[in-house]
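Here is what each chain is made of, one letter per residue.
Protein chains: 6
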Amino acid sequence: MERIKTGIAELDAMLKGGFMPGDAVLLTGSAGSGKTTLALQYLVNGVTKFGDKGIYVTFEELPDQIYRDALNLGWDLRKLEDEDKLRIICTSPNIMLETDEGENILDQPIKEIQPRRIVIDALSHLEIFVPKEELRREVYRLARHLKMKNLSSLLLWEKPEILGQSFSVTDAGIGFLVDSIVVLKFVEIESSMKKALMILKMRGSDHDKHLREFQTTSNGISIFASFDEYEGIMTGSPRRRVGERFANAFK
Amino acid sequence: MERIKTGIAELDAMLKGGFMPGDAVLLTGSAGSGKTTLALQYLVNGVTKFGDKGIYVTFEELPDQIYRDALNLGWDLRKLEDEDKLRIICTSPNIMLETDEGENILDQPIKEIQPRRIVIDALSHLEIFVPKEELRREVYRLARHLKMKNLSSLLLWEKPEILGQSFSVTDAGIGFLVDSIVVLKFVEIESSMKKALMILKMRGSDHDKHLREFQTTSNGISIFASFDEYEGIMTGSPRRRVGERFANAFK
Amino acid sequence: MERIKTGIAELDAMLKGGFMPGDAVLLTGSAGSGKTTLALQYLVNGVTKFGDKGIYVTFEELPDQIYRDALNLGWDLRKLEDEDKLRIICTSPNIMLETDEGENILDQPIKEIQPRRIVIDALSHLEIFVPKEELRREVYRLARHLKMKNLSSLLLWEKPEILGQSFSVTDAGIGFLVDSIVVLKFVEIESSMKKALMILKMRGSDHDKHLREFQTTSNGISIFASFDEYEGIMTGSPRRRVGERFANAFK
Amino acid sequence: MERIKTGIAELDAMLKGGFMPGDAVLLTGSAGSGKTTLALQYLVNGVTKFGDKGIYVTFEELPDQIYRDALNLGWDLRKLEDEDKLRIICTSPNIMLETDEGENILDQPIKEIQPRRIVIDALSHLEIFVPKEELRREVYRLARHLKMKNLSSLLLWEKPEILGQSFSVTDAGIGFLVDSIVVLKFVEIESSMKKALMILKMRGSDHDKHLREFQTTSNGISIFASFDEYEGIMTGSPRRRVGERFANAFK
Amino acid sequence: MERIKTGIAELDAMLKGGFMPGDAVLLTGSAGSGKTTLALQYLVNGVTKFGDKGIYVTFEELPDQIYRDALNLGWDLRKLEDEDKLRIICTSPNIMLETDEGENILDQPIKEIQPRRIVIDALSHLEIFVPKEELRREVYRLARHLKMKNLSSLLLWEKPEILGQSFSVTDAGIGFLVDSIVVLKFVEIESSMKKALMILKMRGSDHDKHLREFQTTSNGISIFASFDEYEGIMTGSPRRRVGERFANAFK
Amino acid sequence: MERIKTGIAELDAMLKGGFMPGDAVLLTGSAGSGKTTLALQYLVNGVTKFGDKGIYVTFEELPDQIYRDALNLGWDLRKLEDEDKLRIICTSPNIMLETDEGENILDQPIKEIQPRRIVIDALSHLEIFVPKEELRREVYRLARHLKMKNLSSLLLWEKPEILGQSFSVTDAGIGFLVDSIVVLKFVEIESSMKKALMILKMRGSDHDKHLREFQTTSNGISIFASFDEYEGIMTGSPRRRVGERFANAFK
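Protein chains in written order, with our numbering: chain A, 47 to 297; chain B, 47 to 297; chain C, 47 to 297; chain D, 47 to 297; chain E, 47 to 297; chain F, 47 to 297.
Next comes chain A alone, as it looks inside the complex:
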C-alpha cells in the first residue's frame, strides 16, 4: 500500500516506506528535541517531493519566527502558501477545539486546498486550556475529526522530562489514541546531549526497532547509526556497555 513519505530517507526506511495514509502519528519529545523541525520537514517534503498539500497549525501567536526558522533550514513557507500548497494557521488550542455546527477552524482551509498532511504544534499546549480529565476526550475527538477528513496527521507532544529512570510516551496517557508513535529523546553521552529517534508503535506495519542517533542540521533532520555501545539509552543517562567478549570471557 502507498505510504506517506517523510522525505527523510533513513526515517522512511525505518518506517518501511513511510507512515500509513490517514494515520494519526504522535511525535513526542522534550523542549529542544527537534519536533518542529521534523514536522516542518514532513510538510515541506510533502509539497515539494510528493505533491501532498499540507496544513501547519501552530499555537504561537507570533508566527514570524516560524518563517524565519524555516528559512534558516532552506524552506520558504510563504512561497508555498502563496502557491496554495501550504496553510499556516495561527490559533489557540481552545479556538481550535471549538465547533460551530460541526465546523471548526480547520475545516475551511481543508476545503480550500484539500491537504493530505497536517501538523499540530503542539498538542501538549492543550494542557494549558483543557482540564486534565477532559484532555484525553478532546484529543480523541480531534484525532478522529482529522481522520474523517482523510488527513495524515503529525501530532506533536512536548514532554517536560529530559531524562529519568521511568519513561512514558506522554504524561497524559494518550498513547492509545494514536496509530503510530515516534519518540525523540535527549541522551547524555560523553558529556554531550545527543538525540535519539525511535519508532515505538506503528499500527498495521512493521518498523525499525532501533534507537537511532539524529541531528538537526542546516538541511533538517539527519539520522545516523544506533547507540550500540550503550545500555539504558531510554533513561537519558546510559551506561557504556562492557564488550561482549569480556562478559562472556569466562563462560
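None of these hints come from the bench; they were simulated from the model.
If a hint is listed, it holds; no wrong ones were tucked in.
Copies of one chain are not kept apart here, so a pair can be met inside one copy or by any two copies together.
With a straight-line cut-off of 16 Å between C-alpha atoms, the simulated EDC-like cross-links for lysine to aspartate or glutamate are:
| # | residue 1 | residue 2 |
| --- | --- | --- |
| 1 | 193 | 106 |
| 2 | 240 | 252 |
| 3 | 193 | 110 |
| 4 | 240 | 274 |
| 5 | 131 | 98 |
| 6 | 62 | 252 |
| 7 | 240 | 254 |
| 8 | 95 | 129 |
| 9 | 157 | 98 |
| 10 | 255 | 236 |
| 11 | 195 | 110 |
| 12 | 95 | 48 |
| 13 | 131 | 158 |
| 14 | 193 | 149 |
Note that the structure is predicted; figures quoted are calculated from it, not measured.
Given chain A, put chains B, C, D, E and F in place with the hints provided.
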C-alpha cells in the same frame, strides 16, 4: 481439562495447553507492545482452528483500520463476520457498561452467535469515562458478567509507562479481579526496543515463568527464547549479565 | 507452646513449629504470587492433618473456580464442607464488616463448626468499599474480632507492585495491626519470574530470616533454598553477587 | 552526668553510657524490626537493674499477648506490676491525648508509682485518629507533657517502608520534636533479612555512629558488629563492597 | 543574521555567535548555580561591549546587595543607570503582571531608554503569587509582551532540585513557551560541587551540545572543558567512566 | 570587605573569611546533623571572639536543655545573657511572625542589646503553623525584616530526608529567599553515618566547593578533609570510587 488454545504454539505451550475455559485474562502492555495483534490472533485462531466463535469489542469509532490491519496480517475479519463466526462491536466504554433491565449491549450478539471467546480492546479506555474510585467495581462487574455468559475473555489494558524501576500490572489495581495475567513489555537491548512476553499469573494451572522475546510478524505473534544474558528485564532497561564463570571464578 | 502448623514442612520449620495460636497473620504478595494456594493449603492441612476446622472467606461471587482450583491441587473442599470441617463463605467486604447487635456474618458459622483457623481472601478488597482513611480502623476492628473468637487468622493482602526500588508490606500501612507478616514476592532471575517467601515479622517467636525460593506445584506450595547468589532480591530485580573470594581477593 | 541505661551493654556503650535523663527518644523501624522487644527490655532492665519504675502504654486492646511475649523473653510483667514497679496502660490514642483540666490518663499512674521511664507503643498509631496536619502538634504537646513529668520516654514509630532508595526518620516529619533518634532497619544481606541498629541523633552527647547488626534472641536484643563489607546499608538492599586494596590497586 | 552576544567568548561560541534577536531565553538552575551572575554579565556586556541598553527586573525588595554583588564583579550598575544605559526595576511579581490599559510597569522604562535586552530575576518567583494552573498562561503572556517590544529576554528560573535521577527544565512545564533554554547544574565530582552549563534548546540555530564546566570568578562566568571522564552528569551525581580501551579490550 | 566570622577556622576558610555582613544564611540538614551546635557556636564565638552580640530564637518551650547542651560544649549561655551579650528567646513560630504596628517580638531585645547576629532554630517549625502556600511569603518577610535590622541571620531548616537519590535544599522551595546556603548531610560510609558540610551558595563571594567531613566534638564543630574516595556523596549512600589509574589503565 480442555483448554482455550491461542493457536500460537509457543504461547499455548507456555500456558500448558491454553487458557482455562471461562477465565478472565488480563493482557497488559504499553502502546505499541502488540496487544491488539495478539488479541485478534486469539479470536481468529479460535474460529479457524478450534471452531470457537468470538466477539471483538473495540472502542475505536472508525473500525476500518482494524479490518485493514487484520488483512495485513492475513485475517479477513469481514468474511468471518459474514459467516456469523465473529462479531466486531464498535462502541464506547460508557455504553458498554450501561445495562437496561440486566441486559447490556453485548448480550444480543452473544445470544445470536453463542461465542466462546471475547476481547475487550481496551479495558483501560474506561479510565476516560469512569471515575477512578468506581473503576475497579465496574471491571469487577464486567468480568463477572462475561463469566456468567461462559465466555473466555481477553481484557486488554494499556499501561502508560514504557520502562521504570518499579512495575505494576496496571495503575488501577485490578490485577486481583482477573484469573490470569499476561504481560507484554518493551525491553531496550543493544540500542533496540525488543519485546518480552510473560505469564505472571494463571489461576489453577502451572505455566512457563520465563520472560520470552516475541515479535509481531506478517503472520502475527512469534515467540522466541528468553533473555538469558540480561538482568533487570522487567525494568525495561536491563543490564548485561556477567558470565557465571566470571562471578564464580574466585569462589 | 503448641503451634498452628501449616503442614508445609519447610514453612513450619521456618516458623519454628508453626504460627502462634490466635495470631493474626498478614500474607502479602502481588497478583499471581500464590497467596490463595498457600491459604487453602493452610486450611486443608489444618483439617486433614491437625484436626483444626476452618473457615475460608472469599469475595469472589463465583466460588466454583475455587472448588475447581482446589481440586487441581488435590483438595476436595466440598467433601470437607459436607463433613462440617470447613466452611466457605462467599460474601462482599461491606457485608462482612456489617455488624447487627455485635453479630456479623462470620459469627454464625463460627458458632456452628467451632473453627480454629480462618482465611480472608483478600483483605485488600476492602479498598474497593472502604475509604482509605477508615481502612486501618476497619482492619483493626476485624483482626480484634477474630482474635476474640480465638481464631488463628490468615489475612491475604494483594500488592499492586510486582517490583520496585522501595518495598512496603502494604500500601495501606496496616503492618502494625497484625502479629505476623509473611511476604510472597516475584523475583526476576535469569529471565524468569521466580518466587520468594520471607517471614518478615513473627510476634513472640524466633523465625527463619531467609528469602527462600518457592514454587506452586500440583501438590501446593514447595519451598526451596534461599537466593544466595543474588543481591537486592527484595527489589524484585536482583543483581548477581560477585563471588566473595573475588571481592576479597585484594584484601 | 548520670545516664538512663538500657541495660543492653553494647547499646549503652553506643550511647556513651545511656540516654540523657528526661529526653524524648524516638525509636523508629518497620513492622517486625524489634521495636517492642527493645522497649520492653528498656523498661524491665530499668526496674530490675537500675531501680527505675516504668510505664508501658500500648494501643493493643488485647494485652494478653504482650504478657505472653514478654514471658517468652523471660520477663514477668505481671509480677513487676504487682510490685508497683511497672504499669501497663492499655488505651487508645485519642483517649491518651484527651486532657481533663490539664490531667490526662497517664497522670494518675505517674502520681502513683513515680516512674522514671515511659514507653509509648506506638506513637505512629496516632495517625489512625489524628489528622495529618495536627499530628506534629499533638506529638509536640505529648513529648513536652512527658518532659514536664521528668520522664525519660521511648516513643515508638512504625515506618511502612521496609527498604527504599530514600530514607526519612518518619513520614510525618517529627524528627525535630525529639531529643534522640534510634533507628532499627531491615537489611537484605546474602538472601536473608538481617537487622541494623543506628543512633541517628543524640542531643547533648556524643554517640557511636556505626550501623550495627542486632538480633532478637530469647533474652532480648543482642548487638553485634557493623556491616563493614557493604555499601548502601540504609537503603535496605546494600551492595557488597569491593576490597579497598582492589579499588586502590592501581593508584 | 546578527546575534545578541553575551560577551562571554566561550558561551557565544557555544551559541554560534550569540542568542537570536528577540528570543525569549530561559536560564534555569538551582539556588547558587550562578544564574544572576550570568544574567548581569549579559546586561553589562550588552551595554559596555555592544551598545545594547538593558533592563534588569528583580523581585528583591532590597536591591543594595545587587549593586554590591555587581561591584564585587567589577560592574558599576549605578553608573550605567546614571548614563541611562541600564534600568534596575525592583518590583513584585504581581505588580509586574498587572496591566493598566495594556500598559504595565515595564513599558515606561522601555519607552525611556529603548533597551534591547531584559532580564527577569526570577520568573520562578511568580509561583509565590500565581496559582499553578495560571502560571503557564502568565509566562506565555509575559514572554509574548516582551517579544512585541523587540526585547531579547533572559528569564531566570530557580529549580528546587540540586540533583536527582530525573531532570526537567522546570517543575512548571513552561519549556515550550521560550525560544531557547540554557541549563546551569550542580555536578558532584571528586567530593566537590562543580557546575555545568548546557544549551538544551536554541530555536532556529545550531549550538554546542556539550555539558561544559564553568566557574563564577571575580570577573564573572568562565567556561571550561566538558566532563569527558564521567557518565550521568545530568543526574548531578555522575559515575567515573571506565576507559574505552578497557570496555573494548575484549571485543 | 569585613566578614562575619563563625570562629570555626576551617569553615571561615571555606567561606573565604566568613559570611557577608547582613546576609540571611540558610543552614539546612536533617535531625541530628548538627545544625543547633553549629548555630550556637556561631553565636558564642561572635560574642567571645569578635565582640558581636547575638540573639538565639528557639521554638523549644523548655530551654533548660539548650543551656545544658551548651554547657556540655563548654559554653555558658546564662553568663553571656547576664552580660547582655546574648539573648535567648523562647517563643512559638506564630508569635514570632505576629506584628503589632510593625513591631514584632524580636524588635525589643534587638533594641536593647544591638545584636549583630541572630539564629532562628528552626525556621522549618513554621510548617506546623503556617499553611504551605503562605510559607514562602512569611520566610521572605522575616528574612527581609532581619536584614533591615542589619542582622546577619542563620536560619536553620530541618529536612526530613536522611538520604535519597534526589536532593533539594528544602521541601518548601525557599532557597532563593536567602543569600547563602550551608548544607549538613549524613553520609553512610563503611557502615557508619558520617557527616558532610557543604557551602552550596554564597552571594557575592567565592567559596570552597568541597564536601567536607565534619564531626561534633566536645568543643563544637570540627571540619576535616573531603570524601575524595567516594562518588554520589550527596545521595547519602556513596559508592567507593575506583582508582583513577584503574579506570585509565586501558586508555
